[in-house]
Amino acid sequence: MSELLNLTALGAQEKLAAGDLSPQEYTDAWREAAAGDDINAYLWQDGSGEEAAAIAVEQARTAPIAVKDIFCTEGVPTTAGSRILEGYRPPYSSTAVRKLLEAGAPVLGKTNMDEFAMGSSNENSAYGPVLNPWDRGRVPGGSSGGSAAVVAGGLAPWAIGTDTGGSIRQPAAFCGIVGLKPTYGAISRYGMIAFASSLDQCGPLTRTVSDAALLLGMLQGRDPCDSTSVGLDAQISLPNREDLSGLRFGVPTELAGYEFDSGVREVFEQTLRKIEALGGELAEVSLPSSEHGISAYYVIAPAEASSNLARYDGVRYGMRAGGDGDLVEMYETTRSEGFGPEVKRRIMLGTYALSSGYYEAYYGQAQKVRTRIAEDFTTAFSAVDFVVTPTAPSVAFKLEEKTDDPLAMYMNDFFTVPMSLAGIPAISIPAGLAAPEGGGRELPVGFQIAAPAFAEQRLIDAAYALEQGIGFDARPGDADG
20 MSELLNLTAL GAQEKLAAGD LSPQEYTDAW REAAAGDDIN AYLWQDGSGE EAAAIAVEQA
80 RTAPIAVKDI FCTEGVPTTA GSRILEGYRP PYSSTAVRKL LEAGAPVLGK TNMDEFAMGS
140 SNENSAYGPV LNPWDRGRVP GGSSGGSAAV VAGGLAPWAI GTDTGGSIRQ PAAFCGIVGL
200 KPTYGAISRY GMIAFASSLD QCGPLTRTVS DAALLLGMLQ GRDPCDSTSV GLDAQISLPN
260 REDLSGLRFG VPTELAGYEF DSGVREVFEQ TLRKIEALGG ELAEVSLPSS EHGISAYYVI
320 APAEASSNLA RYDGVRYGMR AGGDGDLVEM YETTRSEGFG PEVKRRIMLG TYALSSGYYE
380 AYYGQAQKVR TRIAEDFTTA FSAVDFVVTP TAPSVAFKLE EKTDDPLAMY MNDFFTVPMS
440 LAGIPAISIP AGLAAPEGGG RELPVGFQIA APAFAEQRLI DAAYALEQGI GFDARPGDAD
500 G
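Numbers in the working numbering are just positions in the sequence shown, counted from 1, shifted up by 19.
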């Protein structure tokens, strides 16, 4: 059994294609593993008699996959981590899920998440927090914390999540796996419950860069159901690059003035030296507007959320609260009881930013900052092939450590938000382990590589070479406790 679960998704797919692996045996092994979920990572699992999200197992041609509960799955509960959608069963599946089924990937289960993808710790889920498999007293990151945790914890071979401001990359860093945010528009958003429509993007969470490439290839493409989707220029190939010779990696000068954990800094600097050892060249670049990324993001994203979440009113689907009062009372009661504190906070922030007299001062100004950030990256990429940063300023923090300080929580996305605002692809790979500030067991540190728009193949090739050079092979079970 353990041999089956140790296979990468790519390795399993090759064995399935060759007839050396039974689809039934392999899928059943992962169903059994998922059933042992003790970190609250799954909200629904296949095998419970509800087969609408599955394919006939004997038709499986690749590894079963865990799906963030923000993707509509026909006939299967889809909650987006919120009470307001408790019990909702969509009449259709998202394009991403449909493509996975067509590729022969059975849906293993739906994963827990921050409510409507709003959060950096997975503590905002209406169904309780996900626990980090490396240390159950710490968060797995958010909002795709459930998807990251099932992969890191051996409860799924791979998963998909969504990234609006860092929600794939930061959980990947905290859980010691690979997380890829593709270029905005590379993958259809149809059937993906919206948070901030100009930022949301689907992407892979996997054990290896090769698995991420394989999964991206299944998911990418233009979709007539999503007018913002354009796909990639060419099909993604599996990476095989052995070194980084001829490639230039830009290190933002602004990093020198930003405070982040000493352990994270040490691993980051070790990784820079590894890049040089593999033949890559380091150069300084400047991203002068990136320091305003968090401020711009937390105007733009809540503004779009305010608009997108207006549809949850208790009339068409989801929960309905309120007694014999009028329609307005029903709206108010349903939304008051159905939404959690963080979602309410962002709806109010966004509504204020869009209100008459404040639109240009807040939302309009934030969009100008967004443009400046995109221009900074364009300038940087005229001199280098990639821009590199730590993925997060710290290793995974303790549960409830930052719940009372929203600003401290938001700053977890400091390194990931600029790439989201610019719409460019970025990948986080595990680069090493570091102890938290103040001491404790060592936890994973992520290294982020960003590339120009639609340069996913170059990004994956470089990440693969660096991944092989680093040789990170630690697992949660290797840590004490």
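Take these hints with a grain of salt, some might be off.
What the hints assert, rightly or not - Here are the simulated lysine-lysine pairs, DSSO-like style, with alpha carbons at most 30 Å apart:
#1 34 to 118
#2 293 to 363
#3 387 to 363
#4 421 to 363
Honestly, the hints are just simulated from the structure, not real lab data.
Quick rundown of the hints versus the structure:
no., hint, result
1, 34 to 118, "21 Å, holds"
2, 293 to 363, "44 Å, violated"
3, 387 to 363, "26 Å, holds"
4, 421 to 363, "18 Å, holds"
Comparing the model with each numbered hint stated earlier shows that hint 2 is the single one that does not hold.
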